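So the protein lines, in turn, are chains Y and R. Here my numbering is used: the first sequence runs in plain steps of one and ends on residue 310. Here my numbering is used: the second sequence runs in plain steps of one and ends on residue 154.
FYI, nobody ran anything at the bench for these hints, they're computed from the structure. Please read all numbers here as calculations on a predicted model, not as lab measurements. Among the hints, a few may not be true.
What the hints assert, rightly or not - Which stretches of chain R does chain Y cover? Using the computed rule of at least three CB atoms under 8 angstroms from a CB of chain Y, they are: (1) 63-70; (2) 101-108.
Claimed, not checked - Label-pair distances were calculated between CB atoms; the ranges are: (3) R:F124 <-> Y:P197: 49 to 57 angstroms; (4) R:F56 <-> Y:I111: 14 to 22 angstroms; (5) Y:P140 <-> R:V8: 42 to 50 angstroms; (6) Y:A164 <-> R:Q94: 28 to 36 angstroms; (7) R:R98 <-> Y:I250: 28 to 36 angstroms.
Virtual Cβ for every residue (Gly too), placed ideally from N, Cα, C.
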Amino acid sequence: MMNKLHWKKILVMFFLMFFATLIVIFLRESDITQIPQSPQYREKGPDSAKIKVIEFSDFGCPACAMANKYLNEILNVYKNNIQISFKYFPLTNIHPNSFSAAMYAECAGKQEKFWEFGNVLFENQEKWLQSQESEKIFMNYAMQLKLDIQSMEKCVKDKEIEKIIKLDMSYGDLKKVDATPTFFVNNKRAVGAMQVIESIKKAIAINNI
Amino acid sequence: MKKAEIVSLISRILVGGVFIYAGFLKISAPVEEFAYAIESYKIFSYKISLLSAYFMPWFELYLGVFILTGVYIRFFSIISIMTFLAFEFFLIQAIIRKLPITNCGCFGSSHSNSIYTEFSLNFIWIILSFISLLYGKFLSIDLWLERKVVNEK
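Next up, chain Y with everything else stripped away, as it sits in the complex:
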């Protein structure tokens, strides 16, 4: 009798494991994962904004530079109603310098100059994208923006900063980001500058802004 009972319990355990796995995988795949908020220095616009945009971007991608320009223009008009939250998604296989660009930007962020540094990176993309001396170029940008160079040098070697960028990339992978720039406008996906502008326009209309 004991033997039969054990086998039944083990069978039930397998059923439970199977269904639990199935439910969890289904929930995971059904896009319920919430992307955590970026640190404040990587956010633009008020927390009360009705339109929340999460941007997965690569400083080395030309489409991201273009989207950045358009977004800045939109933000100038709707600055009280849109909040942009920046996430790193450097496509390192095609833009090998992008990861270190992200590191420098994050370190600039620690000195409250993330957006300024990001804009410089986007505007001067061709200068550093293929350069063998990209690190020197980034440091020059840091000097131009009057950042604390000693802290910057220490910061860009910090493994914790690398983790921050890799974690953003992992969230991008989890949300199935496979092209940059990819945006989530109030949780709705938009890929590229044109789609995000359309999505923002729709959100503006829906929210009667």
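Use these hints to put chain R onto chain Y, whose structure you have.
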């Protein structure tokens, strides 16, 4: 229905629920997030932390399901107690070594408590696991199957 049976059922729901919740939140987030949390306790290397981060959330999820439904309830209650004691060890060594951990990583990055809060909470989970160990058979798969086998005989 005895008082102890109701208390044990509530204990099973709470302990099982907390394991399922913790496991699910970690499975829903990138594995690196939990790996970084484990690494911050400075016991394991990144490789072992990453391996644990793959394995641990599923372990918590299944353990929670088994406790909640009451299958091999005594055995899994003991496993639950041992798991919480292991968590307590991780937390206390972090407190003693004054590691700069602001977020315990127990429920993913956005839902976690401080290590001090989690250290206190784990005592409650250990007590509830003990109650499940002693009286956990009420409304359980264990009891249902045992009765079924007896009836078949």
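Check of the stretch 101-108 of chain R against chain Y for coverage (Cβ-Cβ below 8 angstroms, three residues minimum) = violated (count 0)
ask   = If you check the beta carbons of R98 of chain R and I250 of chain Y, does the distance land in 28 to 36 angstroms?
value = Given range 28 to 36 angstroms: holds, Cβ gap about 33 angstroms.
key: Cβ distance range 49 to 57 angstroms for F124 of chain R and P197 of chain Y, holds or violated   = 50 angstroms, holds
request  = Given the range 28 to 36 angstroms, decide if the beta-carbon distance of A164 of chain Y to Q94 of chain R lies inside it.
outcome  = Because 48 angstroms falls outside the window, the suggested range is violated.
ask   = Counting residues of the stretch 63-70 of chain R whose CB is closer than 8 angstroms to a CB in chain Y, do you get three or more?
value = holds (count 4)
request  = Take the C-beta atom of P140 of chain Y and the C-beta atom of V8 of chain R, compute their distance, and say whether it sits inside 42 to 50 angstroms.
outcome  = Cβ of P140 of chain Y to Cβ of V8 of chain R: about 44 angstroms, so the range 42 to 50 angstroms holds.
task = Could you say whether the range 14 to 22 angstroms given as a hint is met by the Cβ separation of F56 of chain R and I111 of chain Y?
result = 21 angstroms, holds
Violated hints for the displayed structure, listed by number in ascending order: 2, 6.
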